[in-house]
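Number of protein chains: 2
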Amino acid sequence: MKARVHVMLKDGVLDPQGEAVRNALGHLGFEGVGAVRQGKVIELDLTGSDKAAAEAEVRAMCEKLLANTVIEKYTVEIV
Amino acid sequence: MKARVHVMLKDGVLDPQGEAVRNALGHLGFEGVGAVRQGKVIELDLTGSDKAAAEAEVRAMCEKLLANTVIEKYTVEIV
Numbered sequence: 008m009k010a011r012v013h014v015m016l017k018d019g020v021l022d023p024q025g026e027a028v029r030n031a032l033g034h035l036g037f038e039g040v041g042a043v044r045q046g047k048v049i050e051l052d053l054t055g056s057d058k059a060a061a062e063a064e065v066r067a068m069c070e071k072l073l074a075n076t077v078i079e080k081y082t083v084e085i086v
Numbered sequence: 008m009k010a011r012v013h014v015m016l017k018d019g020v021l022d023p024q025g026e027a028v029r030n031a032l033g034h035l036g037f038e039g040v041g042a043v044r045q046g047k048v049i050e051l052d053l054t055g056s057d058k059a060a061a062e063a064e065v066r067a068m069c070e071k072l073l074a075n076t077v078i079e080k081y082t083v084e085i086v
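So the sequences go chain by chain: A and B.
With the numbering used here, letter number 23 in the first sequence gets 30, and the count goes up by one each step, no holes.
With the numbering used here, letter number 30 in the second sequence gets 37, and the count goes up by one each step, no holes.
These are computed hints drawn from the structure, not numbers from a lab.
These numbers were taken from a predicted model, which means no experiment stands behind them.
Some hints here could point you the wrong way.
All copies of an identical chain are treated as equivalent in the list; a pair is satisfied when it fits inside any one copy or across any two copies.
In the SDA-like style, the derived pairs of lysine to any residue whose C-alpha atoms are separated by at most 20 angstroms in a straight line are [as the list claims (entries may be wrong)]:
# : residue 1 : residue 2
1 : Lys9      : Gly55
2 : Lys71     : Arg29
3 : Lys9      : Arg44
4 : Lys80     : Gly19
Whenever a hint applies, use it, and build me the whole structure from the sequences.
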């Protein structure tokens, strides 16, 4: 089973990395680009076959290690 | 319109960041975690309403700036 975790900065938190990408795209001539946010995606190969248990475990991983929940939000997808 | 870009290291390319996450999860007592790959996700707000044109433009952004196509692969999703 595979899990995919998205970790993004929360909406109110300034994202200098995304801002840098937006500026660079502007310099390269790409127009019509508004806000840009950059985050992390983590793909995990999991053993076990219980989808609900896997999702709960991956959420625990996010809380403990993968995301800084003070400034980041995460979503878990089991695929 | 929003575009979401995933940039991941190509399959053969060593991913030390993912490997570090895997080790850390092991030390925290999470078992049953196989390979871990870490990548970037970039969310762009786009003006314009032509989906196909937007996807083509975002692909051009990936080729020029967002991904290093020597070692990285990308997927574009218009949402």
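Each hint tested on the structure:
no.: 1; hint: Lys9 x Gly55; verdict: within (10 angstroms within a copy, 35 angstroms between copies)
no.: 2; hint: Lys71 x Arg29; verdict: between (31 angstroms within a copy, 13 angstroms between copies)
no.: 3; hint: Lys9 x Arg44; verdict: between (25 angstroms within a copy, 11 angstroms between copies)
no.: 4; hint: Lys80 x Gly19; verdict: within (11 angstroms within a copy, 30 angstroms between copies)
Taken one by one, the earlier hints all hold for this structure without exception.
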